[in-house]
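Once you have looked at the hints, place chains B, C and D on chain A.
In case you want the letters, here they are:
Number of protein chains: 4
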Amino acid sequence: MSLRLGLLGAGRIGKVHAGAIAATPGATLVAVADAVPAAAEALAHTAGAEVREADAIMNAADIDAVLITTPTDLHAEMIEQAARAKKAIFCEKPIDLDVKRVRRCLGVVEAEKAVLMVGFNRRFDPNFMEVRRQIDQGTIGKVEMVTIISRDPGPPPAEYIKRSGGIFRDMTIHDFDMARFLLGEEPVSVYASASVLTDPVVGELGDYDSATVVLTTASGRLATISNSRRATYGYDQRIEVHGSRGLVSADNVRATNVEVANGDGYRRERLLDFFMTRYTEAYRNEITAFVQAVEKGGAVTPSGEDGLKALVLADAALRSVKEKRPVEIA
Amino acid sequence: MSLRLGLLGAGRIGKVHAGAIAATPGATLVAVADAVPAAAEALAHTAGAEVREADAIMNAADIDAVLITTPTDLHAEMIEQAARAKKAIFCEKPIDLDVKRVRRCLGVVEAEKAVLMVGFNRRFDPNFMEVRRQIDQGTIGKVEMVTIISRDPGPPPAEYIKRSGGIFRDMTIHDFDMARFLLGEEPVSVYASASVLTDPVVGELGDYDSATVVLTTASGRLATISNSRRATYGYDQRIEVHGSRGLVSADNVRATNVEVANGDGYRRERLLDFFMTRYTEAYRNEITAFVQAVEKGGAVTPSGEDGLKALVLADAALRSVKEKRPVEIA
Amino acid sequence: MSLRLGLLGAGRIGKVHAGAIAATPGATLVAVADAVPAAAEALAHTAGAEVREADAIMNAADIDAVLITTPTDLHAEMIEQAARAKKAIFCEKPIDLDVKRVRRCLGVVEAEKAVLMVGFNRRFDPNFMEVRRQIDQGTIGKVEMVTIISRDPGPPPAEYIKRSGGIFRDMTIHDFDMARFLLGEEPVSVYASASVLTDPVVGELGDYDSATVVLTTASGRLATISNSRRATYGYDQRIEVHGSRGLVSADNVRATNVEVANGDGYRRERLLDFFMTRYTEAYRNEITAFVQAVEKGGAVTPSGEDGLKALVLADAALRSVKEKRPVEIA
Amino acid sequence: MSLRLGLLGAGRIGKVHAGAIAATPGATLVAVADAVPAAAEALAHTAGAEVREADAIMNAADIDAVLITTPTDLHAEMIEQAARAKKAIFCEKPIDLDVKRVRRCLGVVEAEKAVLMVGFNRRFDPNFMEVRRQIDQGTIGKVEMVTIISRDPGPPPAEYIKRSGGIFRDMTIHDFDMARFLLGEEPVSVYASASVLTDPVVGELGDYDSATVVLTTASGRLATISNSRRATYGYDQRIEVHGSRGLVSADNVRATNVEVANGDGYRRERLLDFFMTRYTEAYRNEITAFVQAVEKGGAVTPSGEDGLKALVLADAALRSVKEKRPVEIA
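Protein chains in written order, with the numbering used here: chain A, 4 to 333; chain B, 4 to 333; chain C, 4 to 333; chain D, 4 to 333.
Here chain A stands alone, though its shape is the one from the complex:
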């Protein structure tokens, strides 16, 4: 039996998920919807699926689950609609940029007992999964310090920044989720220092392009996140976890392992620098995990609650910068 899926949103990330579904045994993409009919049609054609209206997908008898990859401001509403229509739900992060709206949305999900998975794809990256597996196996003992370096190759367009909710809700939110995934305890305090170093336009839009965040848990575990919107050498995605018995670290990813040596030294190529290339396998593993979770009926991770908690940390980080103080998490 194959899980029958409807895709709501045929944009860039919608295409990624359609590709992931195609590569997942036991998953079938039945229909695609998009506000731009041509986009829906193009993706449906490639994927061998139908074009339908979003409402039709929500209520279709031949669809078991929906993937919500629309613009962020539609997420919460669509989650609620899908939950009421008894569909299993995969939604791209974030659920909403507003914590209250997220809470209300999760209330509906709970009331409807709906399955909801939030798209923190990095939890499914083979490197980071292995880091977590080593922690779970006890290889490094008790977790003490998590260090996350996360830098984009270049800033998004100004239009994107305006609607993004700012660096903490848009970019760091992945790192907040990763910190929670690895710390083994919830942060109780957030301190952030942020700057505009790469492009003054970012500052004019009220945002930051460089940030350092320190999370502290109740028992004193520490996580550090270092973000920049620009890295000339590619998409810099490193994680290390220091524990009582050792250290586990995940290094960056390149297209090849080739090195050239000459009078100028030894040179390796730049990092993979597009998130879709860097996280291709993560997107596939994520859809596989969603399909399996729906079919097995157990708990879904990352859950709506995980989505909420990362957003709460993002809001706290922003307040920390504005008020120049660490912010406590209730």
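Some hints could be false.
Note: identical chains are not told apart, hence a pair may lie in one copy or across any two.
In the DSS-like style, the derived pairs of lysine-lysine whose C-alpha atoms are separated by at most 27 Å in a straight line are [stated by the list, open to error]:
hint, residue 1, residue 2
1, Lys145, Lys327
2, Lys116, Lys325
3, Lys145, Lys325
4, Lys145, Lys18
5, Lys327, Lys312
6, Lys312, Lys103
7, Lys299, Lys327
8, Lys165, Lys89
9, Lys89, Lys103
10, Lys103, Lys116
11, Lys18, Lys96
12, Lys165, Lys325
Calculated from the structure, these hints are not laboratory results. What you are looking at is a predicted structure, and each value in this text was computed from that prediction instead of being measured.
Chains B, C and D in isolation, oriented as in the chain A frame:
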């Protein structure tokens, strides 16, 4: 327009190619044949293709090209049959274990002006392609010395060894092709020293499990190949090329970039140790290259001639070991 | 002409400096003093120097410069005495644990126009010197973010901790100096979060064993320091600097480059885990720099002012932890 | 008690050894001799030793051991003279370029029961010592294949080449010794292929600049040596040993561990490219080992016999190239 393919042989490597076809835009697997009907059916089902007899595939009007992935002893005959049937041909290496038979087969291919590509998949590995690209760009100047380390994680079953033609024709043949691919000149001399170090059974079968080969070209370029049938740390596949202006090297491949550090030191995981996993991308690129070559109608690489030349080197290596002398290549 | 040196303090670090002097052309160790006569005698014997009283060294006509490697509480007084005696002065860090005392001491140094160099040896480590050289050459453009990971292999004895002034003044002070060395701007804000994770005894002594510090400069440059008093894999000393045009990083140091591969993966040895071994070359380069600075008569780096500024940051970090807020630096 | 040493030869390598003696506790350089008086004086001055005639050093009552670092053609005679004078002897490699002359010399050494150590310094490199230690510990099981890559940064002057005895006796001889050090069995067959690829002048002098050598032992263990007189990226000195249970490898050495990343990729510096810098520690360890061997009175390694055996392999390699066949070792 999609290239319509027929697959002859639904064994392990046939499945790999069926998967590669599925991932290749512009290629459609129409039919599968296998001496074992159940194997053909299983693969056809997964791939969404039909089961047909081999002869039927050869002569089908709705099939443009065939992939020959049968046991080696059927390769030459099938290539000839397909060439006469005006199909484009992809054949797994080797064309045959006997040089004369290969020559006769290539005569038919030439007479029929058939397209023939031989499955030296490693030429399509992203790492080795990049090594070659660096050479072609002149990064390392004139090629002087090629070093290939190629070790299998473990020996094949005795039954396989018996029919394999021996280590040089079965295993080193890939390295002979790679050496030719990178040297930029044909070897004129082959010296090989081979031993039985891992398992006496290999020796009882008249074969070797450990070998070192030195190839010398007319201008004095040198290639060294180091083979073993056993590497406890995984499938060891490294290449480096030293030139007048520098060195280019391709390192091994792992599933992740994770490293664990503790009182015992720093530990990275074993290498990918199955050739299908290690060369997944190479198999895909290979099929893409075949499809493009057929559609564009140009020269095909690696060609039947490439297949022949690697076999000639393998035969020379074996003679070198037996006669304890370097063997000249005409 | 050789610079004639007197060594005040024949303990562990005194011996390191005596060895560095022996390896420095143009430097001669004339005399050694220590409160423990046997220690002075042993070191003097090894070094081919005389044993003298500290006061005698201060006032000796045949001594041009003194190295102060006594316990910390004697540093400031000895610096003042040596300054008045017109000796050039090298003093181990810190000048004193009390900022006011340091200021008074530096007042005397200034009044006497004395040469004073403070022993932040890491500035002279070949790796970190190269990081700084790359920055100075403009390789990475404008500095934006400095990341320092600095972990001791194991905690010092409780007795040491008691007199150490705490982790920030004892351990992090090196990292504060390094951050200043690399940031290119003075920090204006210090935030620190610190915990007791490795051993409750540390907490009972009122100290911390794990700390994360964020420094922010006026233009928004960010430095992160991650400290732990325990690293099972050795003495972890890494630095990286992210700039507008690239990244420069210095990795850890091992005794050998040997790697062992087997069924458990690939293993490299632990890091050098003793600061004297790890920084052997830094100690030598430091003494060479001191000797050259004295002979050339120019500015000395790191200066007394550098010593003071690192201590101010350490004090601010401690206050930040106690008061749970970032502390501004005047 | 300190071992009192006389140094015969104050050239480049003589200076290296004088420095090593200075760094070796328990060793004192008493006197230096050189055919060029100014050279002897300069070195004696730096080292705090006397200048004496070679004969005087040989016969001095206050000298226990001599280091012979004169031009090669004086080695054998001086060894014999020193042996008769009952001095312990350290001699730079090779003992002589002629095997018969070496045999005669070793006859004298044996007759006089003299201690003779030959300067194969690489056995004392910390990396290669660790490789050997891992083998001795059984980490990789039974040794099967040794791979040595050994490339000089650039060719020596023509004058040097003329007197060098050719690449095999001058350069590869170190690798022959290393192969013997690691193989655990004596080679019984030598095959070499050599070319002139870097500079025709080398060929005009009757020598080669690029060579590949295969050594085979009685049980079938294989060693491969790859030499070039030019490596644009520095002094390339790598070794790996493949065994029944794993692989141990020693990578190259750089001055720092710094890496720079930018739009062109990740770049590490060139290798250390001067043998004295690369093997500084090896030269020190070598002298320490000599001093200890003399004082303890046990077996000396590498011995005169080791020197002879490496030379026999070098001669065999040259004959292999000339006669285009593998050469058996009696």
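Now for the hints, and whether the structure bears them out:
For the identical chains of this complex, Lys145 and Lys327 are inter-copy neighbours only, at 25 Å across copies versus 31 Å inside a copy, given an alpha-carbon limit of 27 Å. Taking identical chains as interchangeable, the C-alpha atoms of Lys116 and Lys325 are never at most 27 Å apart, the minima being 38 Å within one chain and 45 Å between chains. Taking the shortest alpha-carbon separations for Lys145 and Lys325, only the inter-copy value of 25 Å comes in at or below 27 Å, while the best intra-copy value is 34 Å. In this assembly of identical chains, Lys145 and Lys18 lie within 27 Å of each other by CA distance neither inside one copy nor across copies; the values are 40 Å within and 38 Å between.
In this assembly of identical chains, Lys327 and Lys312 lie within 27 Å of each other by CA distance both inside one copy and across copies; the values are 22 Å within and 22 Å between. For the homomeric pair Lys312 and Lys103, the shortest alpha-carbon distance inside one copy (12 Å) is at most 27 Å, but the shortest distance between copies (45 Å) is not. With identical chains, the CA atoms of Lys299 and Lys327 are never at most 27 Å apart, being 46 Å at best within one copy and 46 Å at best between copies. Taking the shortest Cα distances, Lys165 and Lys89 never come within 27 Å of each other, neither inside one copy (34 Å) nor across copies (59 Å).
Proximity of Lys89 to Lys103 under the C-alpha cut-off of 27 Å is restricted to the intra-copy arrangement: shortest distance 23 Å within a copy versus 68 Å between copies. Taking the shortest alpha-carbon separations for Lys103 and Lys116, only the intra-copy value of 20 Å comes in at or below 27 Å, while the best inter-copy value is 64 Å. For the identical chains of this complex, Lys18 and Lys96 are intra-copy neighbours only, at 16 Å inside a copy versus 37 Å across copies, given an alpha-carbon limit of 27 Å. Taking identical chains as interchangeable, the C-alpha atoms of Lys165 and Lys325 lie at most 27 Å apart only when both belong to the same chain, with a minimum of 18 Å there against 38 Å between chains.
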